[in-house]
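Asker: Take the sequence shown: its letters are residues -19 to 559, numbered as in this note's numbering.
Possibly wrong hints are sitting among the right ones.
Claimed, not checked - Lysine to aspartate or glutamate pairs mimicking EDC-like chemistry, simulated, CA-CA at most 20 angstroms apart:
no.: 1; residue 1: Lys444; residue 2: Asp475
no.: 2; residue 1: Lys444; residue 2: Asp433
no.: 3; residue 1: Lys444; residue 2: Asp402
Derived from the structure by calculation, the hints contain no laboratory data.
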Amino acid sequence: MPHHTPLIATIAAAFVLALAFGFVAARLRAPPLVGYLLAGIALSPFTPGLVADAGLAAQLADVGVILLMFGVGLHFSPADLLKMRRVALPGAIAQMVIATSIGAGLAIAWGWSVGAGIVFGLALSVASTVVLLQALERRNVLDSPEGHIAMGWLIVEDLAMVLVLVMLPVIAGGTANISARTLAAALALVLGKIVIFGALALYAGTRVVPWLLMQVARTGSRELFTLAVLAIALGIAYGSAAAFDVSFALGAFFAGVVLSESELSQRAAADSLPLKDAFAVLFFVSVGMLFDPSMLLRTPLELLAVVAVILIGKALVAYAIMRAFDFRPRIALTVSASLAQIGEFSFILASLGTSLGLLPTQGRDLILASAILSIALNPVAFACIRPLSRWLERRPSHASRTGAEDASVALVPDAPRESPRDHAVIVGYGRVGGVIGSILEGAGVPFTVVESDARLIEALHARKVRALRGDAMAEGVLDAACLRDARLLVLAIPDGFQARRVLEIARRLNPHIRTAVRTHSESELSQLQDAGVGLVVLGERELALAMADYALACFGLPASRRATSEPSVAVCSSQPPAE
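Using the sequences provided together with the hints, build the complete structure.
Answerer: Here it is as structure tokens:
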């Protein structure tokens, strides 16, 4: 008989099942997010077997929402939004209005109230940040014109949804027994509080928070720095709710925006990423626990209609808008495929609408089921881009009329377009990769950088350095860096798992590529040696040996004594000979 489990068991069951289902989803080339939702369904009271405590899971999911919104704010770039405002701002608003209208029309046709229809339509109109980022990175189009347009579009959608989440409780509480004038005054009060809170957060926060983080960073304690980042995210989120009556989500978003302009933002993002990812998994699992699979049998036609709105309706609307701006089919189709899914904001809005009594549970179940299906089918939408764009571009009516392809490329700073040969590829351009790149640049050695930090990419482009924004483990990124024609691959990233994965991809593209890798552990050192890496540098031991050389010199002893120590640099003889 199913039984409810305490907190630790709930967390353990959620993580174990999320890992199992997420792994299966990844092996099937579906986003792991689908697996997390299925794990929640397996733990729900609607399915046989173990039943997790939904109340505890929901509270943990609240932390997940805060950290998700903190991450959205941390990666929010007003500059990027301004670059894309000509397309993203009107395009996103128009697409949201049309998609909301279609969804609301369906709901009203099913006999729901107008309020339920609007909430339902809004939930269908907004795409998932997580899914979109992963899809763009996997295809190496994040730093392309279509990638910038899609991200700008998504930023507008996210900002609109943040406002909806803040205003919906006021509207829901006032529609029944409050006059229009009183309701307008209440909305104005809420918006006024948001403006005051936002101004205070951006003005005071951008001065106090970076200073505070810098003081903590100077202690040299990574634990304290991570704790400071989480304290800022949760503290501002809670403080905003207590002092200004705004949502946790909005407070967390502003906390991320405040940190986004700090020099320590990348470190803050990196240190908070594991916890953010962990609580995000709990969020998606808790969402899956709300889903009743039996509704698939009760309302199959309604579900098909909702999925069609997301996969076909939203995509066609986005494509028509992009074509109205005279973008070529390939760019328009990429943006359309990026938006043909729904995710975390839809879940948050569905849960809020249900708790406020605006949205029936059937609407929430339809949103959850259509989200799972749309996320699972989103890769199919991307796979259709190439054949569809070729077919459309052969038709005279779909040819670009004013050369907007060139105009769209001019919207973003672009890397040099030549295809280098016999060059180096540097993956990661932080403290280690930056020094290597500077030395190569001074020596006149051509190189290409692969980096995920947008600010670093813009700085490199300004210096006319060929740089690609993306994850080197994603399909096509190393190929775009012309690794097939490169002489050397330098992995300056600290993560050993990432390094090994990138090495596997690099060897498939160029079996004879020379490789240099940094590592931080003895086990990774031996694994990388076994993988046939040309040069493996164990960073901490190099530091120790350099300091030992100095110590020996202080006692008048020759530095050659370091030769008696174990080597800190492993050289593999299987590398091809120098030309």
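Asker: With reference to the structure, classify each hint as holding or not holding.
Answerer: Against the structure, the hints come out as follows:
no., hint, in the structure
1, Lys444 to Asp475, "28 angstroms, violated"
2, Lys444 to Asp433, "17 angstroms, holds"
3, Lys444 to Asp402, "18 angstroms, holds"
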